[in-house]
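> All chains should be modelled from the sequences, with the hints used to inform the complete structure.
So the chains spell out like this:
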Amino acid sequence: MPTTPHQRSAIISVLVENEAGILARVIGLFTGRGYNIDSLTVAPVDPAANHSRINIVTSGTDMVIEQIKSQLDRLVQVYRVADLSMQGPHVARELALIKMVCKGADRVEALRLAEAFRASVIDATLESFVFEMTGSTGKLDAFIDLMRGLGLAEVSRTGVAAIARGTTTI
Amino acid sequence: MSQNPAATPAPDQPAGAEILLRALKEQGVEVIFGYPGGAVLPIYDAIFNQNAIRHILVRHEQAAVHAAEGYARSTGKVGVVLVTSGPGATNAVTGLVDALMDSIPIVCLTGQVPTHLIGNDAFQEADTTGITRPASKHNYLVKRSEDLARVVHEAFYVARAGRPGPVVIDLPKDILIGPAPYTPAATTPHRSYRPQIEPDASQIAKAVALLKSAKRPVIYTGGGVINAGPAASTALRALVRKTGFPCTSTLMGLGAYPAGDPLFLGMLGMHGTYEANWAMHDCDVMLNIGARFDDRVTGRLNAFSPGSRKIHIDIDSSSINKNVPVEIPVVADAGRAIEAILAAWDTDPAEIDRPAITAWWRQIDAWRGIDCLRFTQDMTKGAIIKPQYAVQRLYDITRELQKKTFITTEVGQHQMWAAQYFGFDAPNRWMTSGGLGTMGYGLPAAMGVQVAHPDALVIDIAGEASILMNIQEMSTLSQYRLPVKVFILNNQYMGMVRQWQELLHGARYSESYTAALPDFVKLADSFHGVGLRAKSVDELDDVIREMISLDRTVIADICVDEKENCFPMIPSGAPHNEMILGPEHGTSLQIGGAKSLTDEGLALV
Ligand SMILES: Cc1ncc(C[n+]2csc(CCOP(=O)(O)OP(=O)(O)O)c2C)c(N)n1
Ligand SMILES: [Mg+2]
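For the protein sequence lines, the chains are A and B, in the order given. Reminder that position 109 of the first sequence reads as 137 in this note's numbering, one-by-one numbering, no gaps. Reminder that position 576 of the second sequence reads as 617 in this note's numbering, one-by-one numbering, no gaps.
Among the hints, erroneous ones may be present.
Claimed, not checked - Okay, the calculated bits of chain A under chain B, using three or more residues with CB under 8 angstroms as the criterion:
1) 43–49
2) 53–64
3) 136–145
4) 164–170
Because the hints were derived from the structure by calculation, they are not lab data. All values derive from a computational prediction rather than experimental measurement. Note that beta-carbon positions come from the ideal geometry of N, C-alpha and C, so glycine has one too.
Written out as structure tokens, the structure reads:
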């Protein structure tokens, strides 16, 4: 009986030399080889050493995810690659800015939910406000879903940043 | 220590172009294959003023890269290419991808518009680093003079380290003109790129234990053994002889193990031998050394060697478990890994299963008995030449003359016949476009080989269609008096296309016949070479002997049977045990020969 290979989600962190072209190479690798990118973040993490960190949320079979890691690892500007989801316990967080345009009962309800979800108001007018919220992708998704019926106008999300728990480093 | 006092630009320093040449000299570069243009004129000026580096002026930038590939593959050195911005760079792209697919170390210098014009759609501007990113192992755009020398040194390291490949350095004109500091090559390891060379001892121990337990083993070798240098081929020979295990090779690996040796099963894959493919299918332990389970080798993946336990040695971990899951991965240089296996073999107390291996060889000999490469050449005067016979005679005569011979090919049936009927006994003597399958590769590659080996016999076994793709290089050959021999198996057709049409598309020969071919004898003449022709079997030997005896560029137009097909053949998407044999074996060329060829198979290349 043919078994469909099990797909799993993975958070891959890559420590790279902060050089022109590295992000294009990483993205080109994913598009060129048909891998999924669910989210991608990149920022310098050690300016003195000229290191940046890229976090990629992807999905695939174990074999594909191993491939992604090896393909990343052989790029010249890559120092280290870690599959945080396989390596052990880790924390993964995302930040979202959520713009609401609403009045009256909707406004009250949105603010009440925001408090329950620990979203903070970082901008407000009489007709609008902007929530800032940090959390797991699932928590953000749930909150944004709730906001849809209450005047959700716009969302801006960072994508996932992740790190291993405990003393382990990349 | 790595801090260099001259690491900042100062007005009294030499121009960037001079610094570039100095770095190339430090890297041991002797030859550049190139073509000038506005953006690289400062480099050409610097070349003009020196004698240490020779420049070979090609007639098309694609050919410059293939020539550098031929040079690299026949010497083990890095091949160097120099082209101008815009069209110079875009013309080089096919060559770069070819080198990427076949893991050939190349450094390609491309001109670029001055830094302040980048992004302005300036004349002959192209986004070269953007275009070549997926076409190269790595690339650089040098934006600061102080980076120039370091980048050049690093590019050579990256091109040859680990799995070799092409590296592009894009050089804006102002960087070439302005003063630049010199920095010698770093003596410290690279910051981030440090491929693993030495195998893990515990993996080697596991591999040896598995190999010793084998009842039906096979050793499957690839281009990685060639890339690992002659020592790897020597180690491979020692391993095969010590174990007595059968050995087969991919197209790219031919020559690593001597073709004439009884332990060698010939090439495997789509046009591989019956015995090699059956041994792969039926083996219980497979040792893959420096090959990548390419689709040309595996056929249909879910039917590939279903009962075997697999060991895979590769310097590139991304080649392991990519197509075929393996039990024992070994990330290492092929030569070092084989040497480690040899050393561990003697310390491991287990004995191999001699009776089982003997029985396995009996089975292999039965497959061999089919004689899958058999063909019949009519020897009566005036009879048409079989292409297989032409290659076989070429091989026999070069062997009889004991010439140091290098063979390149174009792409098509002639390429496969060359692989099947020319016996390679040494590494680095066989250059072919395996991964990309680039028609037009063979002539410029032969040029690069001949530049590196001026006294050797260098032959491009060609098809009449492919040869036209870089025929302009005849002009380069005559300029530098490079006595390359072009041996055209002229079947008037894009034979490999015609064969697929016959087999898979109801014999509708759509656009695979080239009308109005040139007269290759006159063509050779017009390029200051010598043209010869063999129209029938009785003329063949004389033409071959004359071709070899001439110290000139020669085109030998060998008129061969138009209808001949290349066998054995495993159609795309079929499993190994559904190989089609040729008419000699009573199989008619019917699609029914491959039972499980599906629409899905038809979609494959
Ligand atoms: C640049 C390029 N274009 C197209 C092809 C597809 N192709 C593969 S073999 C072949 C025919 C080659 O004909 P010829 O050189 O006469 O060789 P033959 O097969 O007849 O020996 C073609 C068109 C290719 N491999 N490369
Ligand atoms: Mg032809």
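> Going through the earlier hints one by one, which of them does the structure break, listed in rising order?
Those not satisfied are hints 3 and 4.
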